[in-house]
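Q: Letter by letter, the chains look like this.
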Amino acid sequence: MLHLILFLFFGTICVAGAINLLAQSHPIDSALSLIVVMASLAAEYLLLGAEFVAAVQVIVYAGAIMVLFVITIMLLNAGKEERTKGSRVAILLGVPGVVIGAVLVAWTLLFRANTSAVTLGALPGGPQEIARLLFHQFLLPFEITSVLILIAIMGAVVLASRPDAVAKRHHTDTPKAMPELVGAGKEH
Amino acid sequence: METIPLSYYLVLSGILFVCGVLGFLIKRNIITIFMSIELMLNGVNLSFVAFAAQWHLMGHKDALSGQVFVFFVMVVAAAEAAVGLAIIIAVYRTRETLNVDQVNLLKL
Chain A
26 MLHLILFLFF GTICVAGAIN LLAQSHPIDS ALSLIVVMAS LAAEYLLLGA EFVAAVQVIV
86 YAGAIMVLFV ITIMLLNAGK EERTKGSRVA ILLGVPGVVI GAVLVAWTLL FRANTSAVTL
146 GALPGGPQEI ARLLFHQFLL PFEITSVLIL IAIMGAVVLA SRPDAVAKRH HTDTPKAMPE
206 LVGAGKEH
Chain B
101 METIPLSYYL VLSGILFVCG VLGFLIKRNI ITIFMSIELM LNGVNLSFVA FAAQWHLMGH
161 KDALSGQVFV FFVMVVAAAE AAVGLAIIIA VYRTRETLNV DQVNLLKL
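Top to bottom, those sequences are chains A and B.
Position 82 of the first sequence, counting from 1, maps to 107 under the working numbering, and the rest follow consecutively.
Position 90 of the second sequence, counting from 1, maps to 190 under the working numbering, and the rest follow consecutively.
Please keep in mind that the hints were generated in silico from the structure rather than gathered at the bench.
Keep in mind the model is a prediction, meaning the values are calculated, not measured.
Cβ coordinates follow ideal geometry from the N, Cα and C atoms, glycine included.
Mixed in with the good hints there might be a few duds.
[As the list claims (entries may be wrong)] What the simulated footprint calls covered on chain A by chain B, stretch by stretch (three residues with Cβ under 8 Å from a Cβ of chain B suffice, anywhere in the stretch; the number is not a length): (1) 26 to 36; (2) 65 to 73; (3) 79 to 87; (4) 138 to 150; (5) 158 to 171.
Whole structure, please, built from the sequences with the hints as guidance.
A: What follows is the structure, encoded as structure tokens:
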């Protein structure tokens, strides 16, 4: 009973946050409701017993990634989005289609799927068990992700640096820099 | 001890995924579209953990792999967020807008 109450409580917060993300027109409001969704999802993981995943969800998703989003919104001074008119046919056909599809999938999952029932904290998901898997069975993917992160950092730095800053650095490094490169940088 | 069906978790994850798809389709701000993608990834993560619980109850030996997959999805999402937001900054610098309707160089 306790499990069901907690599941429904955090699930309702989760769905309300997701719908609020769609309803808000300012990006910062959407970002804050996405933080609510991620935090309540961490509680859902905790209910299943996945402690490590819940902690990582809060630290990485609700912490690091959302800080990146909020800083970008602040940096670009993003305002309210303009409403554009959608097509009427898409609304008339799409909304009933989505409702029918959702009801079908939910009905199949709830009454026809051969899923078992879980109790509170059914999974042994502490850091010890995860680490044993991560450093034995999944060692190669784990090492490859470090390369991926390195490439992502370099890509972010290259993409986000100003073009004229790159040209200026080139200019100071080699006194006889290509004049067209410096000229192209000044246009921006 | 009371139990609840695992399919409740799957339905919740489906609702989150559909909200993400809907936001991806109807939103016009490029940052909000990117947040909808993160919402979809979160929905998938929940179903990973739910299926890990199912496997554990069915007595599989390596049932915890689902949680390791969630870990990898989070790593990829972090890398994707860093690169994607840098791309958004570059787009804003050249086009001076965040509206995807006005980023239309590839349109006929």
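Q: Give a verdict on every hint.
A: We went through each hint and held it up to the structure:
no., hint, verdict
1, 26 to 36, "holds (count 6)"
2, 65 to 73, "holds (count 4)"
3, 79 to 87, "holds (count 4)"
4, 138 to 150, "holds (count 11)"
5, 158 to 171, "holds (count 6)"
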